[in-house]
Amino acid sequence: MAELDDIIHQPLRLKIMAALNALPQSTGLEFARLKKLTGATDGNLGAHIETLAKAGYVSVDKAFVGKKPQTTVTATAVGRGAFARHVATLQEIIAGKQV
Amino acid sequence: MIDSKEASAALADIDDIVRRVKQSQLYDLASIAAVWWGVLVFAGNVVTWLWPVYAVYAWVAVDVMGVGGLVALRLFNPPHHPHGAAFGIRLLLVFVLFFAFGYLCTNVIGHFGPRQLGAFWPLYFMLFYALAGLWFGYAFVAIGLGISALTLIGFFYIGEAFPLWMAFVNGGGLIIGGLWMRRS
Numbered sequence: 027m028a029e030l031d032d033i034i035h036q037p038l039r040l041k042i043m044a045a046l047n048a049l050p051q052s053t054g055l056e057f058a059r060l061k062k063l064t065g066a067t068d069g070n071l072g073a074h075i076e077t078l079a080k081a082g083y084v085s086v087d088k089a090f091v092g093k094k095p096q097t098t099v100t101a102t103a104v105g106r107g108a109f110a111r112h113v114a115t116l117q118e119i120i121a122g123k124q125v
Numbered sequence: 049m050i051d052s053k054e055a056s057a058a059l060a061d062i063d064d065i066v067r068r069v070k071q072s073q074l075y076d077l078a079s080i081a082a083v084w085w086g087v088l089v090f091a092g093n094v095v096t097w098l099w100p101v102y103a104v105y106a107w108v109a110v111d112v113m114g115v116g117g118l119v120a121l122r123l124f125n126p127p128h129h130p131h132g133a134a135f136g137i138r139l140l141l142v143f144v145l146f147f148a149f150g151y152l153c154t155n156v157i158g159h160f161g162p163r164q165l166g167a168f169w170p171l172y173f174m175l176f177y178a179l180a181g182l183w184f185g186y187a188f189v190a191i192g193l194g195i196s197a198l199t200l201i202g203f204f205y206i207g208e209a210f211p212l213w214m215a216f217v218n219g220g221g222l223i224i225g226g227l228w229m230r231r232s
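Chains W and A supply the protein sequences, listed in that same order.
Numbering of the first sequence is given in the numbering used here, commencing with residue 27 and proceeding in unit increments.
Numbering of the second sequence is given in the numbering used here, commencing with residue 49 and proceeding in unit increments.
No lab work stands behind these hints: they were computed from the structure.
Hints are supplied without guarantee of correctness; some may be wrong.
Claimed, not checked - Heads up, simulated EDC-like pairs for lysine to aspartate or glutamate below, C-alpha to C-alpha not over 16 angstroms straight-line:
1) W:Lys88 to W:Glu76
2) A:Lys53 to W:Glu118
3) W:Lys62 to A:Asp51
4) W:Lys61 to A:Asp111
5) A:Lys70 to W:Glu56
6) W:Lys94 to W:Glu56
7) W:Lys88 to W:Glu56
8) W:Lys61 to W:Glu76
9) W:Lys62 to A:Asp76
10) W:Lys62 to A:Asp64
Input sequences plus hints: build the corresponding full structure.
What follows is the structure, given as structure tokens:
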């Protein structure tokens, strides 16, 4: 019986992973865009990205575009796999294979 | 463990965010295309207003550069689509049919003068914008209907300066609309 991924299951982290997983592999989203898509605050989003990064589910790249710092978050292969398993588990729950 | 109701809610959240990411990516590309066409259309209308005798050449150049820009945009942003090549050919056919049908209406069925042509092409273009918006996002509908309304106002109430009006309404409208789409 598959288990839900505790790291991904938190609502904001689920949204972050869903957004990143919707992109082609090795394509990331800028922090500001991710913030807009998820509706999270700076602090909250930063904290949850850190949790995902510690688990190896996302990579965080910081660079300067002109004089502005730009943070880009990308789902790793490990993160994509974990997300796919998490979604499969959710579907199994709905199908009644798990209680 | 969660129940099926919570699982359904989680999957609905995922679907919603995926839809928004895809729309955001589409808006990014569409905004570049809108700004590009806006600049060209602005220039085309200014040439039409200042040197009407060169208008026909200006509009051929606008159309060629406009479609060329879209092709370049597509080459730099290849679609992540299982039938990418077929989709590209369909896109090219869309433009061929678009211009062929427009030409048929304006030059074969009707014999439009410069003023009618100046109103027809933006209205025709914006019709597709508005229709696309029914599938791809309200920004297209808003831009399409907004520019169409201003085009009709200009057609009926603006005199000799109609091309200049269209430079700002159509060209400027696409530029502002494209920038707004980028922020949506």
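Do the hints match the structure? See the list:
1. W:Lys88 to W:Glu76: holds, 13 angstroms
2. A:Lys53 to W:Glu118: Holds, because 12 angstroms separates the two Cα atoms, which is no more than 16 angstroms.
3. W:Lys62 to A:Asp51: This hinted pair is violated, its Cα atoms lying about 29 angstroms apart.
4. W:Lys61 to A:Asp111: violated, 38 angstroms
5. A:Lys70 to W:Glu56: holds, 15 angstroms
6. W:Lys94 to W:Glu56: holds, 12 angstroms
7. W:Lys88 to W:Glu56: Holds, at roughly 10 angstroms.
8. W:Lys61 to W:Glu76: Holds. W:Lys61 to W:Glu76 sits at ~14 angstroms (cutoff 16 angstroms).
9. W:Lys62 to A:Asp76: Within the cut-off at roughly 14 angstroms; holds.
10. W:Lys62 to A:Asp64: holds, 13 angstroms
The structure is inconsistent with the numbered hints 3 and 4, although it conforms to all the rest.
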